[in-house]
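Build out the structure end to end from the sequences listed, making use of the hints.
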Amino acid sequence: MGVKGQQTRENILACAERIILQRGYSGTSIDDIISEACITKGGFFYHFDGKSDLAKQLMLRYLEQDKVFFDSLLERAISLTEDPLQQLLIFLKLMAEAMADLPGTHPGCLVASFTYESQQFDDELRNLNSQGVLAWRRFFMEQFDRVAEKYPPRIDRPLEELADMLTTVIEGGIVMSKVLDDRHILPYQLLQYRNYIRLIFSNS
1458 MGVKGQQTRE
1468 NILACAERII
1478 LQRGYSGTSI
1488 DDIISEACIT
1498 KGGFFYHFDG
1508 KSDLAKQLML
1518 RYLEQDKVFF
1528 DSLLERAISL
1538 TEDPLQQLLI
1548 FLKLMAEAMA
1558 DLPGTHPGCL
1568 VASFTYESQQ
1578 FDDELRNLNS
1588 QGVLAWRRFF
1598 MEQFDRVAEK
1608 YPPRIDRPLE
1618 ELADMLTTVI
1628 EGGIVMSKVL
1638 DDRHILPYQL
1648 LQYRNYIRLI
1658 FSNS
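The sequence shown begins at 1458 in the working numbering and counts up one residue at a time.
Careful, some of the hints might be misleading.
Unchecked claim - Derived DSS-like pairs (lysine-lysine); straight-line CA-CA distance at most 30 Å:
no., residue 1, residue 2
1, K1550, K1461
2, K1513, K1498
3, K1635, K1607
4, K1508, K1461
5, K1498, K1461
6, K1513, K1524
7, K1513, K1635
8, K1498, K1550
9, K1508, K1524
In case anyone wonders, no lab produced these hints; they're calculated from the structure. No experiment lies behind these values; they were computed from the predicted model shown.
See the structure below:
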């Protein structure tokens, strides 16, 4: 596929994601996507076998973008300090700052959207969705493991729970921000979570 073809495919995916996050998967038709992307039906089916194939490609794209997003924040945090707790706290601060621009930086969560409509999808996509959440857990767990080696936590709970709590804060914050039309809720919740992590691992 040439550069133009890649650009067209990316445009279709971007338009589809934007519409689905607004209307839901079941409320989005191929015709809606075609109209938004300014392409022909033949152009759509050149890139995707159908709506189910589009959903799968959307999920793969979304999870890869999240990985790049998290990796970039962690890389920045690591460049600023060698201390693992400070790295984690900086990572969370950077995430809160990025999430402050909710519509632009994080218009919604495709994983959550697809979970709400899981009955619309086959086992392959539901499994892909689950694998995405587990990937977040592993990523966050790696950071907590490094912190716990130097700063034993004050509470006797599995670190996995802290990792899942971060995902819960992000997902819940996105929902609250959108429902109340207040883009500050998500970053403020992340900062509250950051305070909680500081208390759990602080030696003072």
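Hint check results:
no.: 1; hint: K1550 / K1461; in the structure: violated (38 Å)
no.: 2; hint: K1513 / K1498; in the structure: holds (19 Å)
no.: 3; hint: K1635 / K1607; in the structure: violated (38 Å)
no.: 4; hint: K1508 / K1461; in the structure: holds (22 Å)
no.: 5; hint: K1498 / K1461; in the structure: holds (17 Å)
no.: 6; hint: K1513 / K1524; in the structure: holds (17 Å)
no.: 7; hint: K1513 / K1635; in the structure: holds (25 Å)
no.: 8; hint: K1498 / K1550; in the structure: violated (44 Å)
no.: 9; hint: K1508 / K1524; in the structure: holds (24 Å)
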